[in-house]
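One line per chain: the protein sequences are A and B, in this order. The first sequence runs contiguously to residue 283 in our numbering. The second sequence runs contiguously to residue 286 in our numbering.
Note that these hints are calculated values from the structure, not bench results. All values derive from a computational prediction rather than experimental measurement. Glycine included, C-beta positions come from ideal geometry on N, C-alpha and C. Misleading hints may appear alongside valid ones.
[What the hints assert, rightly or not] Derived coverage of chain B by chain A (criterion: at least 3 residues anywhere in the stretch with Cβ under 8 Å from a Cβ of chain A; other residues may be distant):
| id | segment |
| --- | --- |
| 1 | 56–63 |
| 2 | 95–101 |
| 3 | 156–170 |
| 4 | 235–241 |
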Amino acid sequence: MSGIQLLQDILIIILAGYMTIDQNGLVIMSWFPVIVGTIAGIIMGDLTTALTIAGTFQLMMLGVAALGGASAPNYGLATIIGVFIATRTGTGIKSAIAVGLPVGLLAIQLEVVARIIANFLAHKMQSDNNNSQWKKMNLEAWLGPILFSLQTALPAILIVFFGPEVVTFILKVVPTWVTDGLTVAGGMLPVVGIGMLLHYMPVKKFLPYIIVGFVLAAYLNVGVLGIALIGFAGAYWYFFSESKKVSEPVTGATSDDEDDDYDE
Amino acid sequence: MRMMITMNDVDKYKVTKKDRRRVAVRYNFMACNLFNYESQMGPAVAWSMAPVLRKIYKDDDEYKAAVNNHFNYYNSTTVMSSMILGATLAMEERDGIQAKDAVQSLKTSLMGPLAGVGDTLVWVLWPTIMGSISGYMALQGNPLGAIVWLIANIAFWFLKLKLFDVGYTSGTKLITSLGNKLTIFTEAASIMGLSVVGGLIATVVKISAPVKFQFGKVTLNLQTGIFDKIMPALLPALLTFLIFKLLGNKKWTPTRVILLVIAISLVGTFLGIFKA
């Protein structure tokens, strides 16, 4: 392997790893195929082929605006891998799609794993806060970007060093009920965060409003903005009727001890 | 009344422009890079606010409580988060730990609806427009579309930093006009927040059991045949109630609950009750 090839290998892996960090935060190049594809093309020294592949994947991605959807492949990684394989082997766009798409699907499985690991990291940070270990807490946060970069860097490493056979092999070896089960878990797990949140809010006092929001969404398919507007109407009414009670001099003395009845 | 005594603290910290910039930069880098299924963006919010909160809360216990407050479930579009976090910072600067519940309610009630607006603009409209233009250009061998898109995204990033200040100043205005009605405001915000949470239960928690039972010639789909007939989003509602109850039990730490949910998913998928 020549020196320039090794340099290309390393840069492609870095690009793939950084892409996820960027997508998760800065959103400057994100995993938009044309942008990462152009950069990959510059690295591989063949912009023309790269642009064809990037354009193809970009248009493929248009239909799937993945809003929290875990099933669409990672088209950004698919593009990077596609550009790498196509230019390195000289086999063109067909092999780019054949290898790129399965790798993109693998990255989505890894995302579920990364988010589950991130959960333990979050707990570590919070317990450090409770133990006054703030320096540690601040440093530990940097493990997050490292962890998430592996989501796309690992598949890139596999491809760059071992070739496309590895990807199909991995997806074949792991039983489908495991990959499907993780996807199912990914759909269910937000419930834990919502459950925690409810413990911090005055659920008992304002239970009817949860029901209102639930019914609007479940039965009437009202979007979150619509639910918030109705919630706002309730809040508006509550705020002004309660404020009136407080400012009236007669009841002014009694409002002192009525605020703690729901805190736990 | 209690509030009045602590409010005339002399050594109250004044948040500087540099502080605000620091939180905004930290948040707009970290955002989803600590994303987890339990608190989602929570840790990123806590981490980005931590340095400035330390300056506001000189008391260790108050600081701990304030940081813990930000570790709670939070998820919104980063653009919108800049404004929400700017506003919460203004509240904490003014009222200190007294603002804790108000901060929680404000974040909860705004994150959903603002994400609805933000996600549509940032994750649907913008990538679709830029993607289709630059995608076609790329197919013709022209990288210009991609380059313009990249530059525009850099400009957007600076706009996000700016929006933090917008949130901060309007947040301050909000609080000064509220005066001593902050408790009522908190409760009102909780009303809005809880309505949104009710909607989240039905939409964000995804669980369905499309398993089919065969009785001679009759097939019955558990999800569409029974659960959907009783109530839409019945399973998410039941699951939320169960998890809420479990979390109220000291023995069930969030980690255990998460492992339980993963175990249920794996077993359920293995048995064919759930499908991906």
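Return the numbers of the hints above that this structure violates; sort them in rising order. 2, 4
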